[in-house]
Amino acid sequence: MIKVRKAGLSDTIQDLGRFGYQKFGVVTSGAMDAFAHRVANLLVGNEETEGTLEMTLVGPRLYFEEHAVIALCGGDLSASINGKPVPMWKPVFIEKGTELKIGPAVAGCRMYLAVAGGFEIPLLMGSRSTYLKAELGGYEGRVLKTGDTLKVKGRNGQAEQIFSRLECAACGIQSADWTITKNVLPVLSDHYEIRVIKGRQYDLFSKESRHRFQTSQFAVSSQSDRMGYRLTGPTLQLETEQELISEAVSFGSIQVPADGDPIILMADRQTTGGYPKIGQVASVDLSTVAQARPGNYLSFREISLEKAQELYVRRERNLQELKTGIALKFR
Amino acid sequence: MDYTLSPLGDQAVVIEVDRDISMKAQDKVLAVTALLEERSPDWMVESVPSYTSVTVFYRLEAFEGVPYEEVCKRIHQLLAGVQPGRSASRRTVRIPVLYGGEWGPDLPFVAEHNGLMPEEVISIHSSGEYLVHMIGFAPGFPFIGGMSEKIAAPRRKTPRLRIPARTIGIAGKQTGVYPIETPGGWQLIGRTPLELFLPEQNPPSLLVAGDRIEFYPISQKEYDEMRGGRP
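Chains as they are written, first to last, in the working numbering: chain A, 1 to 331; chain B, 1001 to 1231.
Any given hint might turn out to be false.
Claimed, not checked - Computed list of lysine to any residue pairs in SDA-like fashion (alpha-carbon distance at most 20 Å, straight line):
#, chain 1, residue 1, chain 2, residue 2
1, A, K198, B, P1007
2, A, K133, B, P1007
3, B, K1173, A, K198
4, A, K198, B, C1072
5, A, K133, B, C1072
Think of the hints as simulated: they come from the structure by calculation, not from any bench.
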């Protein structure tokens, strides 16, 4: 068991999301940075669908009442044990009786903690993701609180192999002597260039607004959360004001309400929306957006739909290779 | 049947069947949705119907070549035989409402705004024929069409921070039911004992797109009985 000695700002259990129920208005939720979530799971020998702990800006202090193997991926929230940093992007054995402290963020916004075996969290509509607004899924539908206890499921197959390889006595922690290749890791900064494809209502925006969208910097406002990132900067307007009929939206839709400030829809977005969409974040760059924090800047560069899909397929191949590579390390 | 396909991001395609909201548009939406559900092709993640379109989320990995082009081909093949109107067997769902009082604090406002007595608002609201156009905005939240303009009322200038689950409201020419507690600016006229969002059931929503709705008034006693002691 893992005890929450002090809760972070917003620690929630997330997985790849709750799909198949959007037609009933059920928000998908899921990890904001799905890439980090998936890699964290792979590194400890889990299926990518296991729940991980998503931590935002300041994470919790966690006390391990049993031995565990964990992996920390995503933003750098300065994880430490007794003041010594814990490495990211590799499996780490944690001895029972150890306290892990996570926070504050030094780069990026969200860190993911996977534990070998996975957290014992019931599936709701096929997912372990937490949707806070409807108090749905995850750990009792809410953020972790001080005093909560996370149970770890039994390890099997690869998770157990990795565990037994790293297990040590009276060592505190022991991490693998390898990490994943640097070229798949995100580059964290305070200004990100995000690749986008044209939104469904792109042509309805004024020429000037389309130009501004392509060439300006937008700041991530403090009113940004798992539902959406509100951006401030030059405002964007339609050529002629009009009411649109509500339709489905998706992760990364960039919609523009009447005030002209764009909003990027994120993991907890509503299923439908009626605002015009000027752009759509390429799926491969959603993880980057998820690591931007209030005060950071985003700029947008248009790519074709074909290119966006090609990048997606390539990244899936990289993840497959990573999975195979990890399996070889622990065979 | 006429329709157009266009991308929503790199993992979804929108099947647009009409430009305007109408019963005919909904028949087409329901027919497309029913067909997709029935065939449930392995490349489809899910489909999301709305007023005039159905959005299909798909798995890029399922295709060789350019995924968007491939998915469009498959959708054209699928929709070749679609016949709107035939599959639209609509249910009628009756929704009991405890109008006014503690849970309908804005009933007097809606009445006054329209030069009516509160009883007349209840009578008009509960005698209308309503249609669920789509579910969205929140889990189980129905977008309902068909309310009489005689009881239309503007949204509140200052939204309430908390509207309890199962509250019936009016906003402009629309009526709606909040399935879960949420902030909102609707004028609240009553509350139903029925749960609209049922996370433990499949489907997790009392209503689905295409349902007809009838509201009918109940007393506090009936409300309490239907809740069976639950809050």
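Do the hints match the structure? See the list:
1. Of the supplied pair hints, the one linking K198/A and P1007/B holds, its CA atoms being roughly 9 Å apart against a limit of 20 Å.
2. Distance restraint check for K133/A and P1007/B: the Cα-Cα separation of roughly 29 Å exceeds the 20 Å cut-off, and the hinted pair is therefore not satisfied.
3. For the suggested pair K1173/B and K198/A, the alpha carbons sit about 33 Å apart, so the restraint of at most 20 Å is broken.
4. A C-alpha spacing of about 18 Å is found between K198/A and C1072/B, which places the hinted pair at or below 20 Å, so the restraint holds.
5. Among the hinted pairs, K133/A with C1072/B is inconsistent with the structure: their alpha-carbon atoms are about 35 Å apart, more than 20 Å.
In this structure, the earlier hints numbered 2, 3 and 5 are contradicted, and the remaining ones agree with it.
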